[in-house]
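Undergrad: Modelling step: build the complete structure from the supplied sequences, incorporating the hints.
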Amino acid sequence: MKHVYGWLLLTPAAILLVGFTHYPAAATLFDSLFSTGTVVRPSRFVGIGNYAALADDPIFWQVLGNNFWFALGTIPTSMTIAMLMAIWVNDRLPARALARMAYFTPTVLPMIAVANLWLFFYTPQIGLLDQINAALFNAPSHNWLGDPRTVLACTMVMVIWKEAGFFMIFYLAALQSLPPELEEAARMDGASRWYFFRRVTFPLLMPTTLFVLVNATINSFKLVDHLFILTKGGPDNASSLLLYYIYQVAFSFFDTAYASTLTVVLLLLLAGLALVQFQLIERRVHYR
Numbered sequence: 043m044k045h046v047y048g049w050l051l052l053t054p055a056a057i058l059l060v061g062f063t064h065y066p067a068a069a070t071l072f073d074s075l076f077s078t079g080t081v082v083r084p085s086r087f088v089g090i091g092n093y094a095a096l097a098d099d100p101i102f103w104q105v106l107g108n109n110f111w112f113a114l115g116t117i118p119t120s121m122t123i124a125m126l127m128a129i130w131v132n133d134r135l136p137a138r139a140l141a142r143m144a145y146f147t148p149t150v151l152p153m154i155a156v157a158n159l160w161l162f163f164y165t166p167q168i169g170l171l172d173q174i175n176a177a178l179f180n181a182p183s184h185n186w187l188g189d190p191r192t193v194l195a196c197t198m199v200m201v202i203w204k205e206a207g208f209f210m211i212f213y214l215a216a217l218q219s220l221p222p223e224l225e226e227a228a229r230m231d232g233a234s235r236w237y238f239f240r241r242v243t244f245p246l247l248m249p250t251t252l253f254v255l256v257n258a259t260i261n262s263f264k265l266v267d268h269l270f271i272l273t274k275g276g277p278d279n280a281s282s283l284l285l286y287y288i289y290q291v292a293f294s295f296f297d298t299a300y301a302s303t304l305t306v307v308l309l310l311l312l313a314g315l316a317l318v319q320f321q322l323i324e325r326r327v328h329y330r
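In this note's numbering, the protein residues as written are 43 to 330.
Everything labelled a hint here was simulated from the structure, so no lab data went into it. Where is the CB? At the ideal position from N, CA and C, for every residue including glycine. Incorrect hints may appear among the rest.
As the list claims (entries may be wrong) - The following label-pair restraints were derived from C-beta to C-beta distances:
id	residue 1	residue 2	range
1	Arg134	Asn175	35 to 41 Å
2	Ile101	Arg191	15 to 21 Å
3	Asp267	Phe62	18 to 24 Å
4	Asp231	Ala55	44 to 50 Å
5	Leu135	Leu114	30 to 36 Å
6	Ala56	Val150	28 to 34 Å
7	Leu178	Phe72	55 to 61 Å
TA: And the structure:
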């Protein structure tokens, strides 16, 4: 009877998990094996034809490369800044609550509002960045979002600014859960703050680091809203990322079968990255 009661408690969550996670993933995989149907031409089974077309798609490889550099630039930077901010606001400093609120504010702003805010920063001539460059360095105006050499970096800065405060909350909660006796014992032994952080604090923060790393990786592959406002993937797909390309293929080009193929690749990529992260970092994680 207890087993039946336990399964009944799990049933609502299991239904939601299957209905909104497992079934869409299976349906996407199934759709990727068919062509896109129309009113006059029904869909037909093409096997791995969509995957063969994906391998020959230069835009896909460009977007995948963009996403690689985007993840490489945003994940470690936002995590490092988040940890430094958490350590800073965890100390006894004046107006500590105000500092915490200031760091966390970008996280609660709507994504469209953030994109419009940074669009003002990057606008040529009248944007804040151009005005500062002109006032301090007498530099000419630059189209930051219209230059393929700078557009991806500009997007990275915006994402780091928005996500660092969110990750800071997790590190701050982890720091506040550490026993204060550890720091007192280290101080009595004459250990420096850097030595204590490197040998005690950072190892104890590894569970939080693993959690933040997985979330940061997922976030780096799901950026759509900001790109829609800032660049729409341009110029010449220089700022287009994988999920935005899926959005374009599905809702602008109406090729749902190819979009399903891209989605399957994205799911496999995220699953592989998560597996690697758990295999490499889980060994260094110490759960108290």
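Undergrad: So does Ile101 sit 15 to 21 Å from Arg191, Cβ to Cβ?
TA: holds (19 Å)
Undergrad: Using the beta carbons of Leu178 and Phe72, state whether their distance is inside 55 to 61 Å or not.
TA: holds (57 Å)
Undergrad: Falls inside 28 to 34 Å, the C-beta gap from Ala56 to Val150?
TA: holds (32 Å)
Undergrad: A range of 30 to 36 Å was offered for this pair. Does it hold for the Cβ distance of Leu135 and Leu114?
TA: holds (32 Å)
Undergrad: For the pair Asp267 and Phe62, does the Cβ-Cβ distance stay inside 18 to 24 Å?
TA: For Phe62 against Asp267, whose Cβ atoms are near 20 Å apart, the range 18 to 24 Å holds.
Undergrad: Could you tell me whether the CB distance from Arg134 to Asn175 stays inside 35 to 41 Å?
TA: For Asn175 against Arg134, whose Cβ atoms are near 38 Å apart, the range 35 to 41 Å holds.
Undergrad: That 44 to 50 Å hint for Asp231 and Ala55 (C-beta), does it hold up?
TA: Since Asp231 and Ala55 have Cβ atoms about 47 Å apart, the given range 44 to 50 Å holds.
Figure legend: structure checked against the earlier numbered hints; every hint is met.
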